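All chains, full assembly: derive it from the sequences and hints.
Protein sequence lines correspond, in order, to chains X and V.
With the numbering used here applied, the first sequence covers 1406 to 1552.
With the numbering used here applied, the second sequence covers 38 to 169.
It should be emphasised that the hints constitute simulated quantities derived from the structure, not laboratory data.
Note that the structure is a prediction, hence the values are computed from the model and not measured.
You may find that some hints are simply not true.
[Claimed, not checked] In silico lysine-lysine, PhoX-like type, Cα no more than 20 Å apart, as pairs:
{"#": "1", "chain 1": "X", "residue 1": "Lys1482", "chain 2": "X", "residue 2": "Lys1500"}
{"#": "2", "chain 1": "V", "residue 1": "Lys80", "chain 2": "X", "residue 2": "Lys1500"}
{"#": "3", "chain 1": "X", "residue 1": "Lys1502", "chain 2": "V", "residue 2": "Lys80"}
{"#": "4", "chain 1": "X", "residue 1": "Lys1437", "chain 2": "V", "residue 2": "Lys162"}
{"#": "5", "chain 1": "X", "residue 1": "Lys1500", "chain 2": "V", "residue 2": "Lys97"}
{"#": "6", "chain 1": "X", "residue 1": "Lys1501", "chain 2": "V", "residue 2": "Lys162"}
{"#": "7", "chain 1": "X", "residue 1": "Lys1540", "chain 2": "X", "residue 2": "Lys1552"}
{"#": "8", "chain 1": "V", "residue 1": "Lys89", "chain 2": "X", "residue 2": "Lys1455"}
{"#": "9", "chain 1": "X", "residue 1": "Lys1522", "chain 2": "V", "residue 2": "Lys135"}
{"#": "10", "chain 1": "X", "residue 1": "Lys1500", "chain 2": "X", "residue 2": "Lys1443"}
{"#": "11", "chain 1": "V", "residue 1": "Lys89", "chain 2": "X", "residue 2": "Lys1500"}
{"#": "12", "chain 1": "V", "residue 1": "Lys135", "chain 2": "V", "residue 2": "Lys100"}
{"#": "13", "chain 1": "V", "residue 1": "Lys135", "chain 2": "V", "residue 2": "Lys97"}
{"#": "14", "chain 1": "X", "residue 1": "Lys1501", "chain 2": "V", "residue 2": "Lys97"}
{"#": "15", "chain 1": "X", "residue 1": "Lys1502", "chain 2": "V", "residue 2": "Lys82"}
{"#": "16", "chain 1": "V", "residue 1": "Lys135", "chain 2": "X", "residue 2": "Lys1501"}
{"#": "17", "chain 1": "X", "residue 1": "Lys1443", "chain 2": "X", "residue 2": "Lys1502"}
{"#": "18", "chain 1": "X", "residue 1": "Lys1455", "chain 2": "V", "residue 2": "Lys82"}
{"#": "19", "chain 1": "X", "residue 1": "Lys1500", "chain 2": "V", "residue 2": "Lys82"}
{"#": "20", "chain 1": "X", "residue 1": "Lys1443", "chain 2": "X", "residue 2": "Lys1428"}
{"#": "21", "chain 1": "X", "residue 1": "Lys1533", "chain 2": "X", "residue 2": "Lys1522"}
{"#": "22", "chain 1": "X", "residue 1": "Lys1522", "chain 2": "V", "residue 2": "Lys131"}
{"#": "23", "chain 1": "X", "residue 1": "Lys1482", "chain 2": "X", "residue 2": "Lys1428"}
{"#": "24", "chain 1": "V", "residue 1": "Lys82", "chain 2": "V", "residue 2": "Lys124"}
{"#": "25", "chain 1": "V", "residue 1": "Lys100", "chain 2": "V", "residue 2": "Lys89"}
{"#": "26", "chain 1": "X", "residue 1": "Lys1437", "chain 2": "X", "residue 2": "Lys1500"}
{"#": "27", "chain 1": "V", "residue 1": "Lys89", "chain 2": "V", "residue 2": "Lys135"}
{"#": "28", "chain 1": "X", "residue 1": "Lys1424", "chain 2": "X", "residue 2": "Lys1455"}
{"#": "29", "chain 1": "V", "residue 1": "Lys82", "chain 2": "V", "residue 2": "Lys97"}
{"#": "30", "chain 1": "V", "residue 1": "Lys124", "chain 2": "V", "residue 2": "Lys89"}
{"#": "31", "chain 1": "X", "residue 1": "Lys1538", "chain 2": "X", "residue 2": "Lys1522"}
{"#": "32", "chain 1": "X", "residue 1": "Lys1501", "chain 2": "V", "residue 2": "Lys131"}
{"#": "33", "chain 1": "V", "residue 1": "Lys124", "chain 2": "X", "residue 2": "Lys1502"}
{"#": "34", "chain 1": "V", "residue 1": "Lys131", "chain 2": "V", "residue 2": "Lys100"}
{"#": "35", "chain 1": "V", "residue 1": "Lys124", "chain 2": "X", "residue 2": "Lys1522"}
{"#": "36", "chain 1": "V", "residue 1": "Lys80", "chain 2": "X", "residue 2": "Lys1443"}
Residue strings, one per chain:
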Amino acid sequence: MITYELLMLLRSVPKPELKTILKRTANAIFDKGGFIRKLENLGTREMPYKTSAHGVVYDRASYFLYEFNVPPSSIDKLFDEYGRDIDIIRRRIYKKKEAETFECTLHDELQPPPYRKNVQDLIAEARKLDKPKFKYNTGLDYYPFQK
Amino acid sequence: MIKNKMNIFLRKFTSKIITGNKPTFRACSSDVPQFDMENPFEKEKQECLLCKYNIEVDYKNVKLLSQFQSPYTGRIYGKHITGLCTKQQEIVEKEIVKAQSAGLMATYLKEPCYLKDPRLFDVEKPIRPHRF
Ligand SMILES: [Zn+2]
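Structure, rendered in structure tokens:
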């Protein structure tokens, strides 16, 4: 089950109106057969860049974050539905990030080139393209005849 | 060189026979030092800032992300400046693009409220020289 994050920039409106907007957007998720894990208010502030939506230019927005689960097939429909909502200035749906563990490779990257793993891999890759050398199969480590 | 190695080998072999397979400490007659210890000059393993303090980079954390952004052009600094490992740099770049797309973060400038944040790295002292 994939948890999605929906970040919505709403028109800055008084509280009662905001309530209906949030109810409408939440109901859209429920209608698709999903459920909401979290609803967070990230505050109302000036946007970093002005945005034109539905023929109006906005430079102030209320930020809201939904965390929800819906069937993946209905994400497109949900995104489209929010796009037609004139109270929503901007919306983005991302997958919720899961913590991944990995080893820090900075130490390796600071080595001189021949000691770095990616450089060694490149050299090994280039060696594969070398022309085959004829082997004499004499068991000697030198060529016994005159060249 | 080879002769010295042979000498060491022979001495080890004979001492094992004499003491009955029991390794013992004894004075070395030859000048050849016997090093069993690991490299004493090996440098301490370096870790990047985000790995060291185990910081989870997220697109909602704009205050952190904007520290990797140039105040003049809004572009993301390269990993030779930020001093991050390849993986962390990749994550930071992805999250910045996500934040900018979501309307959380400025694209062509660093937002004025973040301009006085402490510097995580010195732009003038990159690990490797700039491309230009
Ligand atoms: Zn790292």
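Comparing the hints with the structure gives:
Between Lys1482 (chain X) and Lys1500 (chain X) the CA atoms are separated by roughly 16 Å; this keeps the pair inside 20 Å, and the hint holds. About 40 Å separates the Cα atoms of Lys80 (chain V) and Lys1500 (chain X), which puts this hinted pair outside 20 Å; it is violated. Note on Lys1502 (chain X) and Lys80 (chain V): the hinted pairing is violated, with a Cα-Cα distance of about 34 Å set against a maximum of 20 Å. In summary, the hint linking Lys1437 (chain X) to Lys162 (chain V) is not supported, as the alpha carbons are separated by about 53 Å, beyond the 20 Å threshold.
Our distance criterion of 20 Å between C-alpha atoms is met by Lys1500 (chain X) and Lys97 (chain V), whose separation comes to about 13 Å. Among the hinted pairs, Lys1501 (chain X) with Lys162 (chain V) is inconsistent with the structure: their alpha-carbon atoms are about 36 Å apart, more than 20 Å. At most 20 Å may separate the alpha-carbon atoms for a hinted pair to count; Lys1540 (chain X) and Lys1552 (chain X) meet this at roughly 15 Å. At roughly 37 Å between alpha-carbon atoms, Lys89 (chain V) and Lys1455 (chain X) are farther apart than 20 Å, so this suggested pair is violated.
For the proposed pair Lys1522 (chain X) and Lys135 (chain V), the alpha carbon gap of about 30 Å is over 20 Å, so the pair is violated. Proposed proximity of Lys1500 (chain X) and Lys1443 (chain X) is supported: the alpha carbons are some 14 Å apart, at most 20 Å. Under the criterion of a C-alpha separation no larger than 20 Å, the hint pairing Lys89 (chain V) with Lys1500 (chain X) is inconsistent with the structure, at around 26 Å. At roughly 14 Å between alpha-carbon atoms, Lys135 (chain V) and Lys100 (chain V) fall within 20 Å of each other, so this suggested pair holds.
At most 20 Å may separate the alpha-carbon atoms for a hinted pair to count; Lys135 (chain V) and Lys97 (chain V) meet this at roughly 9 Å. For the proposed pair Lys1501 (chain X) and Lys97 (chain V), the alpha carbon gap of about 12 Å is at most 20 Å, so the pair holds. About 28 Å separates the Cα atoms of Lys1502 (chain X) and Lys82 (chain V), which puts this hinted pair outside 20 Å; it is violated. Distance hint between Lys135 (chain V) and Lys1501 (chain X) is fulfilled; the C-alpha atoms sit about 12 Å from each other, no more than 20 Å.
Only pairs whose Cα atoms come within 20 Å are accepted, and Lys1443 (chain X) paired with Lys1502 (chain X) is accepted, the gap being roughly 15 Å. With a C-alpha separation of about 46 Å, the suggested pairing of Lys1455 (chain X) with Lys82 (chain V) is violated against the 20 Å cut-off. Between Lys1500 (chain X) and Lys82 (chain V) the CA atoms are separated by roughly 34 Å; this puts the pair beyond 20 Å, and the hint is violated. For the proposed pair Lys1443 (chain X) and Lys1428 (chain X), the alpha carbon gap of about 14 Å is at most 20 Å, so the pair holds.
Under the criterion of a C-alpha separation no larger than 20 Å, the hint pairing Lys1533 (chain X) with Lys1522 (chain X) is consistent with the structure, at around 17 Å. This hinted pair does not check out: Lys1522 (chain X) and Lys131 (chain V) have alpha carbons roughly 24 Å apart, beyond 20 Å. At roughly 18 Å between alpha-carbon atoms, Lys1482 (chain X) and Lys1428 (chain X) fall within 20 Å of each other, so this suggested pair holds. Between Lys82 (chain V) and Lys124 (chain V) the CA atoms are separated by roughly 17 Å; this keeps the pair inside 20 Å, and the hint holds.
A distance of roughly 19 Å separates the Cα atoms of Lys100 (chain V) and Lys89 (chain V); the hinted pair therefore holds under the 20 Å criterion. Only pairs whose Cα atoms come within 20 Å are accepted, and Lys1437 (chain X) paired with Lys1500 (chain X) is accepted, the gap being roughly 17 Å. Restraint check for Lys89 (chain V) and Lys135 (chain V): not satisfied, since their Cα atoms lie roughly 24 Å apart, outside the 20 Å limit. Restraint check for Lys1424 (chain X) and Lys1455 (chain X): not satisfied, since their Cα atoms lie roughly 24 Å apart, outside the 20 Å limit.
Under the criterion of a C-alpha separation no larger than 20 Å, the hint pairing Lys82 (chain V) with Lys97 (chain V) is inconsistent with the structure, at around 31 Å. Taking the CA atoms of Lys124 (chain V) and Lys89 (chain V), the gap is near 14 Å; set against the 20 Å cutoff, the hint holds. Restraint check: the Cα-Cα separation between Lys1538 (chain X) and Lys1522 (chain X) comes to about 27 Å, which exceeds 20 Å; the hinted pair is violated. Annotation: proposed proximity of Lys1501 (chain X) to Lys131 (chain V) holds, straight-line Cα distance about 14 Å (limit 20 Å).
Between Lys124 (chain V) and Lys1502 (chain X), the direct Cα distance comes to roughly 15 Å. Compliance with the 20 Å bound is thereby established for this hinted pair. With a C-alpha separation of about 15 Å, the suggested pair Lys131 (chain V) and Lys100 (chain V) falls inside the 20 Å cut-off, and the hint holds. Taken as a hint, the Lys124 (chain V) and Lys1522 (chain X) pair is honoured in the structure, with Cα atoms around 14 Å apart against an allowance of 20 Å. Of the pairs offered as hints, the one joining Lys80 (chain V) and Lys1443 (chain X) is violated, with about 46 Å between alpha carbons and a cut-off of 20 Å exceeded.
The structure does not agree with the numbered hints 2, 3, 4, 6, 8, 9, 11, 15, 18, 19, 22, 27, 28, 29, 31, 36 stated previously, though it agrees with the rest.
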